[in-house]
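Here is how the chains run, residue by residue.
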Amino acid sequence: MKGRIFSVVGGMFLLTVCSKGDRGTVQAAPPAPQPAVSSDPTAGAAGGTITGKIKFTGVAPKNPAIDMSEEAACKAKYKTTPTEENVVAGPANALANVFIYVSAGVPAGQTFTAPTTPVVLDQNGCRYHPHVFGVMVGQNIEIKNSDPLLHNIKAIAKKNRPFNVSQPNAGMTKTVTFAAPEVMVNLECNVHGWMHAYVGVRPDPFYAVSGPDGSFSITGLPPGTYTIEAWHEKFGTQTATVTIAGTESKTANLTFAAH
Amino acid sequence: MTSALLLIVLIAAQDTSAGKQVYTKWCAGCHGDNGAGDGPGARHMIPPPRDFTGAIYQIRSTPSGQLPTDADLLRSIDEGLFGTAMPGWKSRLSDRQRRDVLAYIKTFSTFFADTTQRPQPIAFGSAPGGGGSAEALRVGRQFYDSIGCRKCHGDQGRGDGPSAPTLKDDAQHPIFAANLHENWRFNGGGTVGDIYHRLRTGLDGTPMPSFSDLIDNKFLTDEQLWRVAQYVRSLSPKETPVVRDVLHAPLAKTLPHAPDDSAWTAVDVYWFPLVGQIVHKERWFAPAVTGVWVKAVHTADSIALRVVWDDRSESPDTSWLPFVGRVFKTLESEDSTREQPASWPDEMIVQFPVSIPSGMERPYFLMGSASAPVYQWRWSSATRTAPVAGLARGIDRFDPLVVGSGPAAQAVYDHGQWRVVLTRALASTDTASQLPFRTGRAIPVAFFASDGSNGEHGSRMAISTWYFLALDEPVPAQVFISPVLAMVLTLGLGMLVVWRAQQKTSYRRQQ
Numbered sequence: 001m002k003g004r005i006f007s008v009v010g011g012m013f014l015l016t017v018c019s020k021g022d023r024g025t026v027q028a029a030p031p032a033p034q035p036a037v038s039s040d041p042t043a044g045a046a047g048g049t050i051t052g053k054i055k056f057t058g059v060a061p062k063n064p065a066i067d068m069s070e071e072a073a074c075k076a077k078y079k080t081t082p083t084e085e086n087v088v089a090g091p092a093n094a095l096a097n098v099f100i101y102v103s104a105g106v107p108a109g110q111t112f113t114a115p116t117t118p119v120v121l122d123q124n125g126c127r128y129h130p131h132v133f134g135v136m137v138g139q140n141i142e143i144k145n146s147d148p149l150l151h152n153i154k155a156i157a158k159k160n161r162p163f164n165v166s167q168p169n170a171g172m173t174k175t176v177t178f179a180a181p182e183v184m185v186n187l188e189c190n191v192h193g194w195m196h197a198y199v200g201v202r203p204d205p206f207y208a209v210s211g212p213d214g215s216f217s218i219t220g221l222p223p224g225t226y227t228i229e230a231w232h233e234k235f236g237t238q239t240a241t242v243t244i245a246g247t248e249s250k251t252a253n254l255t256f257a258a259h
Numbered sequence: 001m002t003s004a005l006l007l008i009v010l011i012a013a014q015d016t017s018a019g020k021q022v023y024t025k026w027c028a029g030c031h032g033d034n035g036a037g038d039g040p041g042a043r044h045m046i047p048p049p050r051d052f053t054g055a056i057y058q059i060r061s062t063p064s065g066q067l068p069t070d071a072d073l074l075r076s077i078d079e080g081l082f083g084t085a086m087p088g089w090k091s092r093l094s095d096r097q098r099r100d101v102l103a104y105i106k107t108f109s110t111f112f113a114d115t116t117q118r119p120q121p122i123a124f125g126s127a128p129g130g131g132g133s134a135e136a137l138r139v140g141r142q143f144y145d146s147i148g149c150r151k152c153h154g155d156q157g158r159g160d161g162p163s164a165p166t167l168k169d170d171a172q173h174p175i176f177a178a179n180l181h182e183n184w185r186f187n188g189g190g191t192v193g194d195i196y197h198r199l200r201t202g203l204d205g206t207p208m209p210s211f212s213d214l215i216d217n218k219f220l221t222d223e224q225l226w227r228v229a230q231y232v233r234s235l236s237p238k239e240t241p242v243v244r245d246v247l248h249a250p251l252a253k254t255l256p257h258a259p260d261d262s263a264w265t266a267v268d269v270y271w272f273p274l275v276g277q278i279v280h281k282e283r284w285f286a287p288a289v290t291g292v293w294v295k296a297v298h299t300a301d302s303i304a305l306r307v308v309w310d311d312r313s314e315s316p317d318t319s320w321l322p323f324v325g326r327v328f329k330t331l332e333s334e335d336s337t338r339e340q341p342a343s344w345p346d347e348m349i350v351q352f353p354v355s356i357p358s359g360m361e362r363p364y365f366l367m368g369s370a371s372a373p374v375y376q377w378r379w380s381s382a383t384r385t386a387p388v389a390g391l392a393r394g395i396d397r398f399d400p401l402v403v404g405s406g407p408a409a410q411a412v413y414d415h416g417q418w419r420v421v422l423t424r425a426l427a428s429t430d431t432a433s434q435l436p437f438r439t440g441r442a443i444p445v446a447f448f449a450s451d452g453s454n455g456e457h458g459s460r461m462a463i464s465t466w467y468f469l470a471l472d473e474p475v476p477a478q479v480f481i482s483p484v485l486a487m488v489l490t491l492g493l494g495m496l497v498v499w500r501a502q503q504k505t506s507y508r509r510q511q
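As you go down the protein sequences, you meet chains A and B in turn.
Read in order, the letters of the first sequence are residues 1 to 259 in the working numbering.
Read in order, the letters of the second sequence are residues 1 to 511 in the working numbering.
Treat the hints as calculated values from the structure; they're not laboratory data.
Just to be clear, a hint being listed does not mean it is correct.
[Stated by the list, open to error] Straight-line C-alpha distance at most 30 Å; calculated DSS-like pairs for lysine-lysine:
(1) A:Lys144 with B:Lys168
(2) A:Lys158 with B:Lys329
(3) B:Lys218 with A:Lys234
(4) A:Lys75 with B:Lys25
(5) B:Lys168 with A:Lys174
(6) A:Lys144 with A:Lys158
(7) A:Lys234 with A:Lys77
(8) B:Lys25 with B:Lys90
(9) A:Lys158 with B:Lys20
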């Protein structure tokens, strides 16, 4: 009798243990997107190209001046009072620092290898260089400090793990990667509240950042119909649809409304 | 076979619901039904409750960006997060309940189910010896400066650094840099080890970064970072301050009027904690002033109270305006139209009854009532040397007494700290409304403080309950003379007895 009770109790204990394991698998989330491992022969210099110009209508808000009086070493790097880079406008209402990427149309299941060259993010003069950039999933970002003072680099992300690390000395570097596509991951320095950078993390190489004249170019697209999305930190997003057949070059100009 | 399966299903269901039940009963009120940190209590808190959906945790043993271990999470559940609204649950929930709720909390984020996200705790080692030595503290201070702690925590560590007004957490809520003089309020604990661990891991989701890369990149040795932790620990009292009910004011020959008069160093200091005013609308759940350190002395005819409190800002200070805006945005307002953020001054109030009560009856602690007013000294950073005396008849009614009847005041603001000395004659010409101070009596006293740069103003303030002030009476000279006299007499008598006995002995020998 005693033995029986023990076996029942023991069995229930085992079941409890097992059930915990079961629960874990039941509630497991869909697996996170895997970093690109296999390369695709169609993605290369060959293929179609989307080029265009990013513009805006209306009046661009003025970028606030940055008070660097607390940081003499940064202040000394500027001849005139530096400003934030919220809206960087070029001639004829051209808009720089817009992240443009293919948001739909790349066949599912197609994977791309991340470039082995890292993207360098420099903290210089208490500003980020570049201010907006893209990387591929798994691609190294080398964060370096060119200022002889404390910066912390905080990543605010939802699909990726956020982090917050410090670089109190000039010459410090740190290499980070992001594991999941996310547009955008915000990077900020809390010591200097004006320091913001934005990184678009993509599973493919089909992205670009508009230059000072608003122009951009996405190359190597296989034939297909694509949705491209343009993201700007103040003006939101714009989309366009482009169909590529062969190795042609298509134009897609996008216009934001300043508000 | 089928019954065994049924049993499995039943137990599994029970097990899942166990954690959920505990969570729903004890946690959801603040953390929300879906773990998003948005329960009904959330809009009354700064810092707000944890949003579990992002799996971003401050208190970890793992590098920045990694998930916490189960032990890390259990520690926060068991001990709570000091200095926040999160209590410890070790004594309220069973081991099983805490484990169940821990498992349930992890289900709010998919990161915990991702097998590539395995937390790897840092091998911390232990503190090098000699942590309290002057040399260790000098080294700690040197690196406190060089690695930039002062940018947020300030030159003297009171959370008043140049970047302090701009600080936000990941969700854009306002966040204070910790006041390093109050280690009993450090979220993850106040020991040297706790501080070192936070330096290594950072507090994810907040502006506090990890400093591990400094060691990995050989810019700092492990020992040097430990010295920083030891220096930070040295800023707080050795023991968490204990609240004593009676504030003794010894008798002094002269009255120290200046806050930094050296005469104050010999006077005992008392700690009175303050809490948010949550009795009357508009209630205030996020007070910035955590307490006051008070010293008191009196002379034959006057009294001096030295009230010291930490405040990150010398208000009114326009650089804190955006911070006030974020505070108001985070906290739910109880008024239909909340005031716009403004640059309010800092205020401090000392409260007494109008007269020393003969029995145990005291006026209502929170600014008296219409029928039983209280006598107050209201000090403001806007005037500094001209506090106003008056009668409060409830929280929203203050009648100043005639100009010039207030106490004299001197105030110093120094690196995140106010030091104010208030002085007044013991006697009062208007005994009906101005308390005459008497020695040897228990005089009720209470304290209030508000930080204008935290949006505090009017009923939005920090308050204490009643304590007592006792003006020690001069000890009569006979208290000192009587025992000496008694001793001399006893000695004299004893010697007399011995002398007589010796006389007799020698007389017998001669016989």
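- Message: Taking the earlier hints as the rules, which of them does this structure contradict?
- Response: 3 and 4
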